[in-house]
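A.B. asks: These protein sequence lines map, in sequence, to chains A and B. Counted the way numbering that gives the first Met the number 0 counts, the first sequence spans residues 0 to 369. Counted the way numbering that gives the first Met the number 0 counts, the second sequence spans residues 0 to 379.
What the hints contain is simulated information worked out from the structure, not anything from laboratory work. There could be a bad hint or two in this list.
What the hints assert, rightly or not - Label pairs and their in silico Cβ distance ranges:
| hint | chain 1 | residue 1 | chain 2 | residue 2 | range |
| --- | --- | --- | --- | --- | --- |
| 1 | B | Asp-158 | A | Ser-69 | 29 to 39 Å |
| 2 | B | Gly-22 | A | Lys-176 | 29 to 39 Å |
| 3 | A | Ser-69 | B | Val-108 | 44 to 54 Å |
| 4 | A | Asp-154 | B | Gln-143 | 23 to 33 Å |
| 5 | A | Ser-69 | B | Ser-116 | 31 to 41 Å |
| 6 | A | Gln-155 | B | Gln-147 | 31 to 41 Å |
| 7 | B | Gly-22 | A | Asp-106 | 45 to 55 Å |
| 8 | B | Ser-56 | A | Pro-3 | 19 to 29 Å |
| 9 | A | Lys-122 | B | Ser-56 | 23 to 33 Å |
All of these numbers come straight from a predicted model, not from anything done at the bench. Using N, Cα and C, we set each Cβ at its ideal position, and we do this for glycine too.
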Amino acid sequence: MADPRVERLAGVLVEYSTRVQPGDLVCIDAPLAGGPLISALYEKVLEAGGHPQLRADADGELEVLLKHGSDAQLEWVNPAGMNEVERADVRIAVEAETNTRGLTGIDPSRQALRARAREPLRKRYFERSAAGELRSVVTLYPTHATAQDAEMSLDQYEDFVYQAGLLDSEDPVSAWKALGERFARLAEWLGGKRELRVVGDGTDLTLGVEGRTWVPCDGHENFPDGEVFTGPEETSVHGTVRFTYPASFGGRRVSGIELEFEGGEVVRGRAERGEEFLQEMLALDEGARRAGEFSFGMNDAVREFTGHTLFDEKIGGTVHLALGASYPESGGKNESALHWDLVCDLRTGSEVYADGEVVYRDGRFLDGVL
Amino acid sequence: MIDPRIDRLADLIVDYSLELEEGHVVRLDGFEVAAPFALALYRAALRAGGHPYTRISFSGLLEILLEHGSEEQLDYISPLQWDEIEHLDALVTIWSEANTRSLSRVDPVRHARLIGSQRKLSNRRWERISRGEMRWCGTLFPTQAHAQEAEMSLAEYEDFVFAACHVHEDDAAAHWRAVAVELEARARELASVRELRIVGPDTDLRLSVDGRSWLAADGHYNLPDGEVFTSPVETETEGEIRYTFPAIYHGREVEDVRLRFEEGRVVAAEAAHGDDYLRSLLDMDDGARTVGEVAFGLNYEIDRFTRNILFDEKIGGTMHLAVGSGFPQTGGQNTSGLHWDMICDLREDGEVYADGELVWKDGHFLAEPAVEIVESGVGG
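Build the full structure now, drawing on both the sequences and the hints.
C.D. replies: In structure tokens, the structure reads:
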């Protein structure tokens, strides 16, 4: 029997996250491993009166390109892809991996070359999203590969994923709306603050956030969701941060990352594993050494590290900082081909100060804040 | 280990069929069951210096569209699709399916509507192809569904498909270049013929091909390939034909089709099975009762009927006559929404006369075509 949660997920993505309207051009970007969700989305989009277009490629295509492509081939940006970013009304991106480490053996500089060439695509995508011209959401369809990273069976991982999306509830949309109201209140309150200081194990980091917008994330752009983020002032970040969890990017995993910031820039970066890749990414472009995002993870159904950013960055009681591009809607101005989320667990022995006052302790905002 | 024939077929398509050049944008279309072959093509195109990308579709979505789509959704072609056609230098269509009968029960009216709307896009594609602005090749990667249709195991069917494409041996391109020379010579000879008469069991049909040109299908647009074809003079087909193999249109079979022609048009049609479907197709429009194509199947690696027109129409020793639209590039003038290839097996008891002279018997031309010897330049 088909998992009813898959259909519920498709319904939430189409009706709530992206609000597909009659006549909308809807690009469904999904690897074939997302099969049942692809079919469910296709049907929901049709029901909503939209025009679904599936964008799928063959498994292993990127690996072949990165291994065998010339520089010109790596730097080629498909005009059809650019056209899609310009013209789609809605984009639903499904992550469904068959092997999360398949690109580990690739020369990182080749990945960097490709990422830089595709930067205009990403930039336009961010711009149109921020301007409200493109409604887009990123989600994940559980596969053995991501279950393996989470050290779970597929069955257990499915439960984890769907619980995080509140999809066990009969009416997940109402549940997300209620969370959204809470996050909106927090965002408004944070919007009145000038400076944050995060203190924890190996971490003492100060960020200026004056005049920046805090964005409540309630399932419209990520699904599952649950965070409140902003773009810190580009030259303000100062101090040291030690990230609790390994961070994956472009099919590689780096662990034990420690960064030291001065004047908004990373002046020293270290990693227990994968340091070469970390350095390569930090050197990707000028903006890659700056923090483009700072965020509080607020999804209490996500409690453990599972090796996937979509979930890890939302763990209730964590914060994350992204190296690279900021989201225009937060007021952040940093530009980069990179956007790499790094997560710091604050659930024990940690505090966050806002303008000198403790507002958050051991993973929770103090009573009275929310 | 990957079947080396897969990579050979991919190389053949990229280098020989598409003649892909550095910087060319090539899209590779297919269902997920063909993804391993799409990846092989991707690798080959990358090696040739092109910019390949795959566009994989997912089995079952078309059925959802046909079942749930509004008329507006069935008619819709996105601006992305229109623009994309203009940017392609080459396109490969892999026709492999997961289930060849998955559309058997959809509403035929809605299906026809969808085909009609998609045709606008394919017309524009053909315009670019015929102007030489883009290249195209249609092929098939063996799947269980097609093997089942052919009543073979997958392993047997793979042998059949790869032999038909001649990639069971090294240097498939050399084979196809030789085929091209031979078929060209045959087409040149046929161009001087005014009338063909086909004689076989319950078959005696005369067609005028006066002034029409014959084209050699030599592995550029299809793989496998191997036929010479033209469009006969629209008003002159006379006589009777009985088709040996079931005639299949959009997955539906009509068995033992017999047609009688007068002044170019079908005046009587009957079938042992599927009579109604046959008549409804012949009544589709004004051009549906006229022969749009006559062709000799000349790929002798294809030695049996497998219920797939890509192969069946090329069976060595057969002829096919399609009712419906003709080919303007051969001088054909018939237009129709229909182009239905029906195949007549002439391997056991068949004769073809060209202007009264016996030129073909029991599945073979009696004489080799006179191949023009072209002196090759330096490096050949």
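A.B. asks: So, for every hint listed, does it hold in this structure?
C.D. replies: The hints, checked one at a time:
{"no.": "1", "hint": "Asp-158(B) / Ser-69(A): 29 to 39 Å", "in the structure": "36 Å, holds"}
{"no.": "2", "hint": "Gly-22(B) / Lys-176(A): 29 to 39 Å", "in the structure": "50 Å, violated"}
{"no.": "3", "hint": "Ser-69(A) / Val-108(B): 44 to 54 Å", "in the structure": "50 Å, holds"}
{"no.": "4", "hint": "Asp-154(A) / Gln-143(B): 23 to 33 Å", "in the structure": "28 Å, holds"}
{"no.": "5", "hint": "Ser-69(A) / Ser-116(B): 31 to 41 Å", "in the structure": "39 Å, holds"}
{"no.": "6", "hint": "Gln-155(A) / Gln-147(B): 31 to 41 Å", "in the structure": "37 Å, holds"}
{"no.": "7", "hint": "Gly-22(B) / Asp-106(A): 45 to 55 Å", "in the structure": "23 Å, violated"}
{"no.": "8", "hint": "Ser-56(B) / Pro-3(A): 19 to 29 Å", "in the structure": "26 Å, holds"}
{"no.": "9", "hint": "Lys-122(A) / Ser-56(B): 23 to 33 Å", "in the structure": "29 Å, holds"}
In terms of the numbered hints stated before, the structure departs from hints 2 and 7, listed from lowest to highest.
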